[in-house]
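2 protein chains.
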Amino acid sequence: MGYDAQYATYQQIIEQALERAIPIQQADWPEQTMPKMLGDAMRYSLLAGGKRLRPVLLLAAYNLLHDDVTPALPFAMAVEMIHTYSLIHDDLPAMDDDDLRRGKPTSHKVYGEAMAILAGDALLNMAYETMAHSGHANALAALAQIAARAGGRGMIAGQTADIAMEGKPADEHMLRYIHQHKTADLIAAALLGGLALAGANHKQLALGEQYSLHLGLAFQIVDDLLDLEGEQQLLGKHTGQDAGHGKLTWPAVYGVQAARQDAARHIDTAVTAANGFGEQGQFLAQLALNSLKRVQ
Amino acid sequence: MGYDAQYATYQQIIEQALERAIPIQQADWPEQTMPKMLGDAMRYSLLAGGKRLRPVLLLAAYNLLHDDVTPALPFAMAVEMIHTYSLIHDDLPAMDDDDLRRGKPTSHKVYGEAMAILAGDALLNMAYETMAHSGHANALAALAQIAARAGGRGMIAGQTADIAMEGKPADEHMLRYIHQHKTADLIAAALLGGLALAGANHKQLALGEQYSLHLGLAFQIVDDLLDLEGEQQLLGKHTGQDAGHGKLTWPAVYGVQAARQDAARHIDTAVTAANGFGEQGQFLAQLALNSLKRVQ
Chain F
0 MGYDAQYATY
10 QQIIEQALER
20 AIPIQQADWP
30 EQTMPKMLGD
40 AMRYSLLAGG
50 KRLRPVLLLA
60 AYNLLHDDVT
70 PALPFAMAVE
80 MIHTYSLIHD
90 DLPAMDDDDL
100 RRGKPTSHKV
110 YGEAMAILAG
120 DALLNMAYET
130 MAHSGHANAL
140 AALAQIAARA
150 GGRGMIAGQT
160 ADIAMEGKPA
170 DEHMLRYIHQ
180 HKTADLIAAA
190 LLGGLALAGA
200 NHKQLALGEQ
210 YSLHLGLAFQ
220 IVDDLLDLEG
230 EQQLLGKHTG
240 QDAGHGKLTW
250 PAVYGVQAAR
260 QDAARHIDTA
270 VTAANGFGEQ
280 GQFLAQLALN
290 SLKRVQ
Chain X
0 MGYDAQYATY
10 QQIIEQALER
20 AIPIQQADWP
30 EQTMPKMLGD
40 AMRYSLLAGG
50 KRLRPVLLLA
60 AYNLLHDDVT
70 PALPFAMAVE
80 MIHTYSLIHD
90 DLPAMDDDDL
100 RRGKPTSHKV
110 YGEAMAILAG
120 DALLNMAYET
130 MAHSGHANAL
140 AALAQIAARA
150 GGRGMIAGQT
160 ADIAMEGKPA
170 DEHMLRYIHQ
180 HKTADLIAAA
190 LLGGLALAGA
200 NHKQLALGEQ
210 YSLHLGLAFQ
220 IVDDLLDLEG
230 EQQLLGKHTG
240 QDAGHGKLTW
250 PAVYGVQAAR
260 QDAARHIDTA
270 VTAANGFGEQ
280 GQFLAQLALN
290 SLKRVQ
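For the protein sequence lines, the chains are F and X, in the order given.
Note that numbering that gives the first Met the number 0 gives residue 240 to position 241 of the first sequence, counting from 1, and the numbers run on in steps of one.
Note that numbering that gives the first Met the number 0 gives residue 87 to position 88 of the second sequence, counting from 1, and the numbers run on in steps of one.
To be clear, the hints were calculated from the coordinates, so they are not data collected in a lab.
There could be a bad hint or two in this list.
No copy labels: a pair is met if it fits in one copy or bridges any two.
Stated by the list, open to error - Straight-line Cα separation of at most 20 Å, DMTMM-like style, residue types lysine to aspartate or glutamate; simulated pairs:
#, residue 1, residue 2
1, K35, D170
2, K108, D95
3, K292, D3
4, K167, E112
5, K167, D27
6, K50, E30
7, K202, D261
8, K108, D98
9, K103, D39
10, K35, E165
11, K108, E14
12, K108, D97
13, K292, D267
Kindly generate the complete structure, drawing on both the sequences and the hints.
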């Protein structure tokens, strides 16, 4: 199967699984499951489309060592639930105060702030519940890999720095800190969650770590470039927001040309890591190369 | 050991474990752990004292079947982290908008709304990470019991109903729904998490379910009575808040006298369940009886 067909296959089984994850409720307050308004708010953000990059990476990582990705599906759903909760909370008025996400009004614009906070909390909790119910022999090891990178030493460290640095003078060290934690850590959660679930050895985990760190850093630089260049339609959100919020971005610190080169260098390193998996690593290598195309 | 000494022993090992859970950072942005401001905000709420009811219940449940509670400590910490995150988010301006909790300014009053949201998120994530790292053979089963009752079908369902019903006419069905989910479900998470970790059988899990549902319902009625009667100093928070917010309370719907009787009836049922564990169940029975004393 070629790269595009493979990506589409992963994406399709993820969409189907996510669609089933939260049933549509008829009653407002059903006894055995969640309130209708909570489920609606969770579905609204979880099923808003997108490339499903993180769950695709998790399935691809599992696929490096096993042909059938079905056992990894609960973990793929979990990383997308974690990603979605982080977007809902990031968009809140007290955080980035965004009113548009993937071309749709953000959660708090539709459901109000209180429900957006609770829908995010419930998605984070559901991520762990979904992993716990997988029944996979390596579930606890994979869950630990994901938890370590989603929490206060990982993605939330990046969000904390992002908030703390708003409006402050650009600092290269902090910029790297924010990109690594806010973006690369959840990509690493997906890669290493998938590998740990697959029973990967230390060498394979180290390749996964290298791949995801550099893919994540490149990804954030590319996002910053797109934001700067104002492709509002492409991104489905208001662009130029970062500058408006006084946020640090890679092109703002290093210039557009150097930012492009840095992204390309990170992708080189990611591709090298993917090639460490031999023939099986081709999909991950191609995915890394494709992420550059948006700004070339 | 008598009841009070036993409670104090549980409480002490929990406090010590929580104190070690989040080290105080010297640097603002340490590389291997969480940002200082995030850790500070998490510690502020996690170490604010309180009776530590939920982790005590988890250790006591484990203690029904095993003499040494040390292996259950990560799970006791986890339920307290979940309880603490839920309080931080509940107190936010978009939710209950409380400025005082356990006699201290609430998290968002001290650290700002953005940090309060992130500190809550990080505590919820840390709860699952702590359970995953326990290495206990029954970790996944216990984690699943806790996740099922902390999430959208459990505690968060209660918070959703609480928000949705503000200012609406009292409805007995919804009042019971809110109490069961908002309060009893996390108490059940502690009981059943501890029992599942201990390898309890179905009959023992059912006793734990009965005990925690009725203890939880009684607990909420007692809290409502205390709020009504305005023991501000005892509770360390502003009282009369519920009425001010137009919130449903048990005494508001049924009257003070009937509420007292309902609480006593629930405690009777909880004590019967505790006695199902024989001699070992004495601590849980006494804990239930003591919870009534505050309003007698």
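Verification of the hints:
no., hint, in the structure
1, K35 / D170, "between (45 Å within a copy, 18 Å between copies)"
2, K108 / D95, "both (13 Å within a copy, 19 Å between copies)"
3, K292 / D3, "within (14 Å within a copy, 67 Å between copies)"
4, K167 / E112, "between (27 Å within a copy, 19 Å between copies)"
5, K167 / D27, "between (46 Å within a copy, 15 Å between copies)"
6, K50 / E30, "neither (34 Å within a copy, 30 Å between copies)"
7, K202 / D261, "neither (26 Å within a copy, 61 Å between copies)"
8, K108 / D98, "within (6 Å within a copy, 25 Å between copies)"
9, K103 / D39, "within (15 Å within a copy, 35 Å between copies)"
10, K35 / E165, "between (37 Å within a copy, 17 Å between copies)"
11, K108 / E14, "neither (24 Å within a copy, 40 Å between copies)"
12, K108 / D97, "within (9 Å within a copy, 23 Å between copies)"
13, K292 / D267, "within (13 Å within a copy, 68 Å between copies)"
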